[in-house]
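Letter by letter, the chains look like this.
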Amino acid sequence: MSATSIEAGSNSVVRNSLVKLTKGAGLIVGIYLILYALYVYQQPRALSASAIAALINNTAPLALAAMGQTLVVVSRGFDLSVAGVISLCNVVLAVYPIGGPGGALVSMLICVAIGASVGAVNGWLVAVLRMQSIAATLATMIICQGIALVILKAPGGAVSNWIADELTDRLWKTIPVSGLVVAAVVGIWLLLRRTDFGLSLYAIGADEQAAKLSGVNTTRVRFTTFVLAGAVYGLAGLMLSAQTATGNPTSGTPLLLLSFAAVALGGTSLAGGGGGLFASVMGAATLMLLQKVLFSSGVSSFYTGMFQGMTLILAVVFSGLLTRLGERK
Amino acid sequence: MAQDVGQDTNLAQSGDTRTSARVSRETISAATVAILCVVLLLGARFVSPALGSWSQVETVLVLGFFLVILSFGQGLVILSGGLDLSLPATITLGGILATSWVGAENPAAWYYLPVVLGVCGLVGMVSGIGVVWLRVPPFIMTMAMSIIVASALLGYTKGTPRGAAPDAAVAMMKSHILGLPVPVVVLIGLVLLGWVFQSRTIFGRYIYAVGTNIEAARIAGVPVAAMQILPYVLSAICAGFVGIALVGYSNGATLRMGDGYLLPSIASVVIGGSSILGGSGTFLGTVGGAILLTTLGTIISALGLEFGLRTVIEGSIVLIALLLLREELFQKLRSVWR
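In order, the protein sequences belong to chains A and B.
Count the first sequence with our numbering and you get residues 3 to 331, in order.
Count the second sequence with our numbering and you get residues 0 to 337, in order.
Pulled out of the complex, with its shape left as it was, chain B reads as follows (with noise of 0.2 angstroms):
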């Protein structure tokens, strides 16, 4: 293994018996979500006439852009042996910036963003800083993190959050290109660039390496203590920007408006066939996961069951989800297709 991922050339095109595996299951992950996601799509006809459209699909894919983004993030962390809880509280982060500050500053000064996003990545660096030279268990870093933004975010706001959102962060969540909703082509987009990020760069073969062996990467010459603060900062980056973009969705930020996407984020890593442990997983079977889940909400919601119960059902529906889709069945679902 240290020998596997030591030279840095051979990183990038990964020995060959292990790119045949990850394709392979890239395929098998990418097939059993796409099918699924088909099957739920068609299945809601029955559950109501409206659902199973062309725009149910539009839909879909602009309600999964949060989860998309904010899974690349906590992807890479958990990728790297990690596990981001602060996720909920960055997006909050993010979104209370655009309006509190950006929004009620100068609604259209658009350059504003990237210093909202440099601060939620700020915040990720010291969970990662935590993690790797103060050795807090990056559970207990995270949450404790979460804890303290959500609570200066508490005093910033003095309760209530006050502004509206920018019109950049509107412009992209309302508008349209060539008959597509412009969160669709971005989200395309950024899909492409995750990808290429996590599978075709040094950064990504870096943290697959950290996160499947940390003794054998640094002797191999990696920057492991770099390479394991990196995904938090991406990850609080991610979810600042989901942040802004959940703002000009909504036209507004709460101090809850997080909540919800903790564990749908961890979810769509599982159930797109990545290890909880770290070092193995494929952004594109995330995204999957992440698409599978947000058409299951939607579908959830248009029962039009009370909120305590929907979050039941979703809750209960994740936990199946990560009990079927783990790591075993893809292995066991290859073994089979060869």
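Pulled out of the complex, with its shape left as it was, chain A reads as follows (with noise of 0.2 angstroms):
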């Protein structure tokens, strides 16, 4: 399967992922839209505009822990530090509360400069060091989960005011801040893509040879994506800071798997190469939907991982047939 996409991925970069995206996304937002459908169903209140703002503000954390990594997994690439990056931001914020909007400004800021240095670390050593993205990025997302556990042993902690109650309202009544946060990062992305770092992005995940030897410099645009994917995942850490109100030094755990999982259901290829950040967001919405639609079908939660493992399977399963079918074409 990888061997067939990467030629057809190195002969016309940008208008094979841009289909995927297309295609990828228009699936996903279909398969969101029937699942809401059966969640209104079961709720009727799910419409009114203060359960919409729940679900976004439920879904904030994920869909920014998703897009940063999809931007290593269309590099090829793996990043298990998005775990251990979210729990560190999560206890900082818990046990250093700033006060007001300027500590929140400054919050923000230390969580993306956490997430940054993480993903310094992690370019480092899979771009300059060459070392396999799966045990670099384990051995950080470990290091930092040690970080998170001397910071703060056990639960407990508060999260300043500012940031608990004005990230997770609604301006105008109407829009949730959270939504815009990660509407935000998908603008950037949007503008980014078009730029050579975009583009180099997708030409080294579909074939690293080819793009080196068309004049990419490979280790920079690979260092480049572990440091924006960490800064995500630092505001992903800021956002389940703003959910939670309080400090976990285990928060970042159950991401780690869901963020692969929302990136898989967007349709991104894990072989690199293909994909687009909108679909992970909306892969991880659908899967923040689908517990609450197991939730008020009266399944135990204690089960919640055994649905999000099956829906991980499918999914990757269900975009492996689809690329391969469109490769067919």
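Bear in mind the hints are in silico, worked out from the structure with no lab data behind them.
It is possible that some hints are incorrect.
Covered, in the sense of this in silico footprint (three residues per stretch, anywhere, with C-beta under 8 angstroms from a C-beta of chain B), are these stretches of chain A [as the list claims (entries may be wrong)]:
#1 121-135
#2 144-157
#3 303-315
Examples of chain A residues toward chain B, derived with CB under 7 angstroms [as the list claims (entries may be wrong)]:
#4 A185
#5 G189
#6 L259
#7 L272
#8 V318
#9 V319
#10 L323
Note that the coordinates shown come from a computational prediction; the quantities given were computed from them, not determined experimentally.
Just so it is clear, CB atoms sit at the ideal spot from N, CA and C, and this is done for glycine as well.
With the hints in hand, could you dock these two chains into one complex?
The structure is reproduced here in structure tokens:
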């Protein structure tokens, strides 16, 4: 599967990725709407503005984590450090809360800085020292989780009120702030995708050798990818903290598998070179909605993991089938 | 390459050049790791006078028991070109079934334990089938299996594991034969068995062939699908066995008992000189890597640091070890050696 998709990708990287993007996003948007209809059928109140805002608030951390993950996956890598960065940001915000809007800005910058630094370490290990991305990011994830445990031994602490209140609120009683944050990152990505960096990212993921031969500085692009992804994980940590309002040294762990599931659900090929961030956002939204639907159907929360795991496998199998069907034409 | 792995009979002896290369690499990695272990154990005396004694060597071997067995399974999966991230969940599966099922029903019924291993093997088989036939990347498949198994266990135990350790598990971990702890004896036996399997049987050869070049192996008539699934099954059985052993060692199971073993299991394999991309590496190297990591672990825990700090140090050491003890180093060492 991967071998053929590389060849197809190197021929017309941009067109191929655009086709995949629209196809993937279209599919996942459709699935989301069907699931949402089911949810509304079960819970008619789900159409109220506050319920929609709550759903978006729930989705934002995973959506951001999945966007960062997508960047790395597109460049044909895996980033497990997402769990560590989110836990780390969460405990920092809970143990050292800074009040007021100014404090929130500083907190955000701290989170982005933490994420970007971890990303820089990942990038250095993977791009410069040529380590396998899974091994390198598994190690940085565990180190970050260790640091999070040093900062906060057991769940506790309190995130500053401004972050917890305002970032989960609605602007003019309609637009959820968390949705705006996600939209902002998607917007930045749409701009970035058209730059040299964006094109190189897809080129590296499709065929690193070919990209290198056509003059792409693969080391720098790969490094930048991990740093950007880390910065986005930092934002995910911020949004998660706003959501939970408290600290937990293992708060990022559940997002690890889910971030990959969201990427795969969005139709981004795990073999790199294709896919997009918006599709991953919709993948994340579908996963969070699935949790709500399962809960309102009366399935014990013990078994949520089973459904998530099976959804992930199905999503990967299905997107693999679609890719192969698409290439046969 | 296709010809090299082509004939089954040749695989057993494997061309002259390759055998000599492997032996030399085996010697180098074993020697490097053994020297490091001795230096560490002696150096540990500076940390605390209680360390560096024979009893600490015994402790390292008993604790290393778990990691060595896990790394055998992980090593086979990596050798075949995959990766098993479901080890923590499968360890917990073995442990929980051993206590909440066997221990709660009839702790003396040792004959239930193979059934537990069978259930674990089944989990591995599902992972393998997903990787081979559904073409899910190994890393996603095993991670998904991991969360599925963990969630099933959470539901099965309702959040709190009950029951006691089966008698057989306690007997295996807590008794002595001829002055040696039984786990050490079992460990030596299993290491020999693992070494014979990986280096001296046709299955081992097949797995090397699949990991080196899957297309070549297919053309050469290796049962490729079976040889890709087999490592996952064996890895899951090893993890289940470690789960049972852990239960015997600590007299109980928790839902997170396997969590700390994932990174060390991968690290032992890579530190032992295997390529993380598959196709090369020896089990003896992996054993050395596991013992080295365990030695480090006992020294770090003797420092009396808090859990978080210990995690940071262990993670960093594994990272540095992964960086320093990579394949290239062994290649360089080999060229100097000759």
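Comparing the hints with the structure gives:
1. 121-135: holds (count 4)
2. 144-157: holds (count 10)
3. 303-315: Result for this restraint: holds, n = 10.
4. A185: 28 angstroms, violated
5. G189: With a minimum Cβ separation of about 29 angstroms from chain B (threshold 7 angstroms), the hint on G189/A is violated.
6. L259: 5 angstroms, holds
7. L272: 5 angstroms, holds
8. V318: 5 angstroms, holds
9. V319: Where the cut-off is 7 angstroms and the nearest Cβ of chain B is about 5 angstroms from V319/A, the hint holds.
10. L323: Hint on L323/A: violated, closest Cβ of chain B at ~9 angstroms, above 7 angstroms.
Violated hints, listed in ascending order, are 4, 5, 10; each of the other numbered hints is respected by the structure.
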